[in-house]
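*Asks:* Below are the chains, spelled out letter by letter.
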Amino acid sequence: MDRFTTLTAIAAPLPLANVDTDKIIPARFLKTIKRTGLGVHLFDTLRYDESGAERPDFVLNQEPYRRAQILIAFENFGCGSSREHAPWALLDFGIRCVIAPDFADIFHNNCFKNGILPIRLPREVCEALMADARMGGNARLTVDLQRQVVVRPNGEEIRFEIDPFRRHLLLEGLDDIGQTLQHAPAIDGYEARQRSERAWVPAIGGV
Amino acid sequence: MAEPRTLFDKVWDSHVVERLPDGTCILYIDRHLTHEVTSPQAFEGLRMAGRRVRRPDATIAVVDHNVPTSDRSKGIEEPESRLQVETLERNVAEFGVPYIPLLDARQGIVHIIGPELGISLPGFTIVCGDSHTSTHGALGALAFGIGTSEVEHVLATQTLLQKPAKNMLVRVDGTLGFGCTAKDIVLAIIGRIGTAGGTGHVIEYAGEAIRALDMAGRMTVCNMSIEAGARAGMIAPDETTFDYVRGRPYAPKAGAFEQAVAYWRTLPSDPGARYDRTVTLDAGAVAPMVTWGTSPEAVVPVTGTVPDPEGEPDEARRAQMRRMLDYMALTPGQRMQDVPVDVVFIGSCTNGRIEDIRAAATIARGRKVAPGVRALVVPGSGLVKQQAEEEGLDRVLTEAGFEWREAGCSMCLGMNPDKLTPGQRCASTSNRNFEGRQGPGGRTHLLSPAMAAAAAVTGRLADVRELA
Numbered sequence: 001m002d003r004f005t006t007l008t009a010i011a012a013p014l015p016l017a018n019v020d021t022d023k024i025i026p027a028r029f030l031k032t033i034k035r036t037g038l039g040v041h042l043f044d045t046l047r048y049d050e051s052g053a054e055r056p057d058f059v060l061n062q063e064p065y066r067r068a069q070i071l072i073a074f075e076n077f078g079c080g081s082s083r084e085h086a087p088w089a090l091l092d093f094g095i096r097c098v099i100a101p102d103f104a105d106i107f108h109n110n111c112f113k114n115g116i117l118p119i120r121l122p123r124e125v126c127e128a129l130m131a132d133a134r135m136g137g138n139a140r141l142t143v144d145l146q147r148q149v150v151v152r153p154n155g156e157e158i159r160f161e162i163d164p165f166r167r168h169l170l171l172e173g174l175d176d177i178g179q180t181l182q183h184a185p186a187i188d189g190y191e192a193r194q195r196s197e198r199a200w201v202p203a204i205g206g207v
Numbered sequence: 001m002a003e004p005r006t007l008f009d010k011v012w013d014s015h016v017v018e019r020l021p022d023g024t025c026i027l028y029i030d031r032h033l034t035h036e037v038t039s040p041q042a043f044e045g046l047r048m049a050g051r052r053v054r055r056p057d058a059t060i061a062v063v064d065h066n067v068p069t070s071d072r073s074k075g076i077e078e079p080e081s082r083l084q085v086e087t088l089e090r091n092v093a094e095f096g097v098p099y100i101p102l103l104d105a106r107q108g109i110v111h112i113i114g115p116e117l118g119i120s121l122p123g124f125t126i127v128c129g130d131s132h133t134s135t136h137g138a139l140g141a142l143a144f145g146i147g148t149s150e151v152e153h154v155l156a157t158q159t160l161l162q163k164p165a166k167n168m169l170v171r172v173d174g175t176l177g178f179g180c181t182a183k184d185i186v187l188a189i190i191g192r193i194g195t196a197g198g199t200g201h202v203i204e205y206a207g208e209a210i211r212a213l214d215m216a217g218r219m220t221v222c223n224m225s226i227e228a229g230a231r232a233g234m235i236a237p238d239e240t241t242f243d244y245v246r247g248r249p250y251a252p253k254a255g256a257f258e259q260a261v262a263y264w265r266t267l268p269s270d271p272g273a274r275y276d277r278t279v280t281l282d283a284g285a286v287a288p289m290v291t292w293g294t295s296p297e298a299v300v301p302v303t304g305t306v307p308d309p310e311g312e313p314d315e316a317r318r319a320q321m322r323r324m325l326d327y328m329a330l331t332p333g334q335r336m337q338d339v340p341v342d343v344v345f346i347g348s349c350t351n352g353r354i355e356d357i358r359a360a361a362t363i364a365r366g367r368k369v370a371p372g373v374r375a376l377v378v379p380g381s382g383l384v385k386q387q388a389e390e391e392g393l394d395r396v397l398t399e400a401g402f403e404w405r406e407a408g409c410s411m412c413l414g415m416n417p418d419k420l421t422p423g424q425r426c427a428s429t430s431n432r433n434f435e436g437r438q439g440p441g442g443r444t445h446l447l448s449p450a451m452a453a454a455a456a457v458t459g460r461l462a463d464v465r466e467l468a
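For the record, the sequence lines run as chains A and B. Counting in the working numbering, the final residue of the first sequence is number 207, and the numbers go up one at a time with none missing. Counting in the working numbering, the final residue of the second sequence is number 468, and the numbers go up one at a time with none missing.
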């Protein structure tokens with residue numbers, strides 16, 4: 001996983017609430033066995049018409065937002081499915097940070113596993129950032145994870161909160177599994193206790 | 001005396017392997033259910049890191065999302081779907097994971113077969129790379145959906161890194177009226193608290209109306225917890241639960257079962273347990289529900305009308321409502337019962353159990369699917385299909401003009417050939433009415449199985465109470 005430290009980039013405004021995972025990446029594109037290559041299908045129905053041609057009014061089809069690395073949206077971003085294809089599609093397009101008033105839990109979790117930083121900021125702040133984003137290439141935002149601030153084009157700094165453990169993993173680009181496996185003796189001990197205390201638990205075998 | 005704890009607190013506490021200094025917990029997972037869509041990249045990750053599956057005996061794999069629901073003796077025609085299924089078969093063989101193949105009678109939707117086979121049990125932690133894992137919470141388990149990176153994490157470590165959720169109590173008092181079902185309860189709850197109403201919480205459903213539900217109904221309610229934004233839904237195990245679990249193929253047997261029941265009886269929330277939020281609902285006031293928009297919270301009683309965005313004070317919500325009505329091709333004030341349907345879908349992890357098929361067959365019996373309507377019944381598993389056929393329900397349904405198909409996720413998400421064409425309107429017993437969910441440009445109205453059957457025979461969104 002790529003580490004996330006500081007990002008200065010174009011932000012794309014997507015002034016919608018309840019952007020669900022089917023909007024981010026429709027189910028018909030989940031038939032892949034890879035993590036990469038989904039960027040072309042990101043926001044497929046918003047982005048392309050029935051013939052497959054780009055819809056010129058959709059933000060990611062416009063310059064300079066084709067190069068956006070930050071996305072600003074409204075409430076409950078990422079609701080619906082657990083599909084990690086949603087953050088994979090965002091990442092493959094180039095998005096490394098999504099800012100919204102709140103996120104659906106599973107999507108929020110999935111972002112961190114892929115080096116995408118989801119930032120929760122109040123609605124009115126998102127509206128101000130949305131206005132910044134509408135200025136396009138003229139108004140880059142900076143996201144500084146070390147200092148936990150978003151820097152607006154006018155220099156104003158907005159503090160954001162983030163779980164310290166997740167911040168650490170993102171800053172270092174660490175793999176969760178490696179972290180957990182350092183606790184293998186505790187897992188072994190738990191399993192041993194369970195085998196005696198919950199001896200009734202059956203194993204799945206011989207299916 | 002110890003602090004009173006909720007059902008969630010108890011299941012959580014008993015699975016904490018280690019609490020890290022910042023409060024993150026290493027949570028032990030009792031059952032890991034996997035399927036073809038969200039697992040390939042996880043197995044690939046294991047392979048690249050030279051890791052093994054820690055507990056194949058706590059893991060099960062099945063194919064459901066991609067599979068055709070028509071004749072499958074010739075295999076899967078669509079190359080990408082076939083590749084995903086073949087990839088799962090290679091992975092389970094390589095890593096020694098128990099697998100139920102496509103042509104096995106027990107194949108079905110992962111959330112149907114887990115409880116059906118006794119793989120999902122009360123008090124367990126259960127995860128799957130699918131948001132509707134919340135279904136298994138009906139047994140009194142803590143069950144939730146995870147992403148593929150977490151699937152890999154569970155495969156490798158049998159644990160997850162988690163922080164405890166908040167507790168929310170949804171109490172449904174009273175008794176359901178004639179023609180109303182578990183689906184109507186959960187749609188009414190989502191309509192009340194909204195699609196983000198449960199974010200950060202695990203919902204415990206309680207109250208007289210929940211107690212009165214059979215396991216199928218409880219699973220329907222817990223299944224849609226995620227549609228209210230909740231991480232999981234849970235219902236305290238009781239005699240209904242124990243009777244359901246007893247004798248299932250992978251459930252504990254004889255003395256072990258009695259030991260298990262003794263433990264399960266300790267799980268219900270203690271008197272005085274604290275909830276971060278409580279919502280109450282009167283079951284007697286719940287009518288048969290139907291969604292009008294592209295979010296499950298956009299729901300009204302079938303006797304209602306399409307709402308008017310101009311009456312919505314919040315500008316962003318107003319804009320969203322207009323967009324939904326535009327997509328759904330509905331007009332404010334239109335009676336829901338006047339809305340014609342093209343397709344009816346009965347099935348999914350929400351409503352693909354035998355009880356759901358019985359409910360649909362009761363309405364279908366002696367009637368005919370309306371001209372021009374295509375109606376599909378897709379049992380949730382091969383065993384559900386078998387049971388229905390033993391009861392003669394397949395004949396009732398096919399004589400009425402319904403298609404009787406093989407088990408799978410099917411038109412709930414249209415990853416297999418069962419999908420809507422642009423502009424088609426569907427009365428569906430599934431869980432999501434998002435834009436394009438059942439096929440690009442398709443329009444979905446969520447409702448109960450009996451209501452779906454009523455829509456099939458009348459050709460419109462009908463009030464099942466007038467047919468029953």
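If you're looking for bench data, these hints aren't it; they were derived computationally from the structure. Glycine included, C-beta positions come from ideal geometry on N, C-alpha and C. One thing to keep in mind: the hints can contain errors.
[Claimed, not checked] For each label pair, taking beta carbons as the anchor points, the in silico distance ranges come out as:
| id | chain 1 | residue 1 | chain 2 | residue 2 | range |
| --- | --- | --- | --- | --- | --- |
| 1 | B | E77 | A | T36 | 22 to 28 Å |
| 2 | B | R335 | A | D144 | 34 to 40 Å |
| 3 | B | G50 | A | S51 | 42 to 48 Å |
*Asks:* Look at each hint and say if it fits the structure.
*Replies:* Taking the hints in turn, this is what the structure says about them:
no.: 1; hint: E77/B with T36/A: 22 to 28 Å; result: holds, 26 Å
no.: 2; hint: R335/B with D144/A: 34 to 40 Å; result: violated, 54 Å
no.: 3; hint: G50/B with S51/A: 42 to 48 Å; result: holds, 46 Å
Hint 2 from the list above is the single one not met by this structure.
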